[in-house]
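Participant: These are the residues of each chain, in order.
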Amino acid sequence: EPEVTQTPSHQVTQMGQEVILRCVPISNHLYFYWYRQILGQKVEFLVSFYNNEISEKSEIFDDQFSVERPDGSNFTLKIRSTKLEDSAMYFCASSSGGERTDTQYFGPGTRLTVL
Amino acid sequence: AQKITQTQPGMFVQEKEAVTLDCTYDTSDPSYGLFWYKQPSSGEMIFLIYQGSYDQQNATEGRYSLNFQKARKSANLVISASQLGDSAMYFCAMREGDSGYSTLTFGKGTMLLVSP
Numbered sequence: 003e004p005e006v007t008q009t010p011s012h013q014v015t016q017m018g019q020e021v022i023l024r025c026v027p028i029s030n031h032l033y034f035y036w037y038r039q040i041l042g043q044k045v046e047f048l049v050s051f052y053n054n055e056i057s058e059k060s061e062i063f064d065d066q067f068s069v070e071r072p073d074g075s076n077f078t079l080k081i082r083s084t085k086l087e088d089s090a091m092y093f094c095a096s097s098s099g100g101e102r103t104d105t106q107y108f109g110p111g112t113r114l115t116v117l
Numbered sequence: 004a005q006k007i008t009q010t011q012p013g014m015f016v017q018e019k020e021a022v023t024l025d026c027t028y029d030t031s032d033p034s035y036g037l038f039w040y041k042q043p044s045s046g047e048m049i050f051l052i053y054q055g056s057y058d059q060q061n062a063t064e065g066r067y068s069l070n071f072q073k074a075r076k077s078a079n080l081v082i083s084a085s086q087l088g089d090s091a092m093y094f095c096a097m098r099e100g101d102s103g104y105s106t107l108t109f110g111k112g113t114m115l116l117v118s119p
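Protein chains in written order, with this note's numbering: chain A, 3 to 117; chain B, 4 to 119.
Here chain B stands alone, though its shape is the one from the complex (with noise of 0.2 Å):
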């Protein structure tokens, strides 16, 4: 089984219009977290946002926040006020387990093309 699935392989948005990106992930372990890193054009992996399994709250970063619903296993990164600079491929990824070291399990993640 997937551990983490985004099943969108393609978004568009509007410029100034908002964008959610789903992402489900599978997990049996209590401690866990969830990460969204954009991948523009030029290849690189820039780190959006991050969300604890245990965290209370949903995280916020800026124009990016992250739609944590923990009972039906699901991390969506919401992106308000989208910017052409905003195309890119995003992917979710996650991280079992306490440590900080544990490898990083990433979907196969979505294309999102913003237009003027």
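The shape of chain A in the complex, shown without the other chains (with noise of 0.2 Å):
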């Protein structure tokens, strides 16, 4: 069964320092999103993606956020200066054709620490 992966599982990095966060959807997916989970608090959006460019985005995908598709398969979450309060569970979502009935299908998670 397909299904969305991501990299790292874990990432540990200094505060002020930039990090990628890495994603590959279902393949036939067109609409990609993040969303993240601050430890023990519910699921937040961050941004929808389709055709190559941002669809719709969150207060909190601010000026330090951005994403990409790279290539064909990878979608990428980039945080250019880490604070501590970004320390979270981030997950990559992709959903197929923008039917009413769609279903977004989440990844595993990267668990982000920021020292």
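Do not rely on the hints blindly, as some may be mistaken.
To be verified - Computed footprint of chain A on chain B, listed as stretches where at least three residues anywhere in the stretch have a Cβ under 8 Å from a Cβ of chain A:
hint	segment
1	31 to 45
2	49 to 63
3	105 to 119
By construction, these hints were calculated from the structure, which means they are not laboratory data.
The C-beta atom is built at its ideal place from N, Cα and C for all residues, glycine as well.
With the hints as a guide, bring the two chains together.
Facilitator: In structure tokens, the structure reads:
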């Protein structure tokens, strides 16, 4: 069964460093998303991406964040200068065609720890 | 106002019993979708079941069913014949509008513990 994959599973970084989180969405999916979950809290939307551009972004997704689809398979989230409060689980998700009944399938997550 | 409310921070159930996890939602959009995801201790988010606002029947998926009461704006997840492997965090989520790529808004989750 096709699945969303994410690498790395755990990333530890120093405050102020740049990190890139990688995702491989399900191959025939066209819509991609990033969500994050601070430890013990609910999952929050960051950004959605379609046709090589951002469709929607939340207030959390400020100038220090960026997304890219550098090739036909990868979808990346870059955090330019990490802060302590960026420590969270970051989930990538994808969905197929934008139909009302479409389901977003999530990857296993990358746990980001900022020291 | 919270768009998704899960009032049960934790639930306990014995193996083989049924359990209902509550979810109420708030939207003025006539078109929306409701989702339940399971998050085991390993952290991944696993899709369980979907209910559309226009669906006439309650969704079912194996041991999972959704008790959808549109007038009350509730979409409770029913797990029948609980198994030890059902112990996890369960999140209710909503997508508003007709577009399948609209964002998901999640509730705070309910931790379910299944005991032998």
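Participant: Now look at each hint and say whether the structure bears it out.
Facilitator: Consistency of the hints with the structure:
no., hint, verdict
1, 31 to 45, "holds (count 5)"
2, 49 to 63, "holds (count 4)"
3, 105 to 119, "holds (count 8)"
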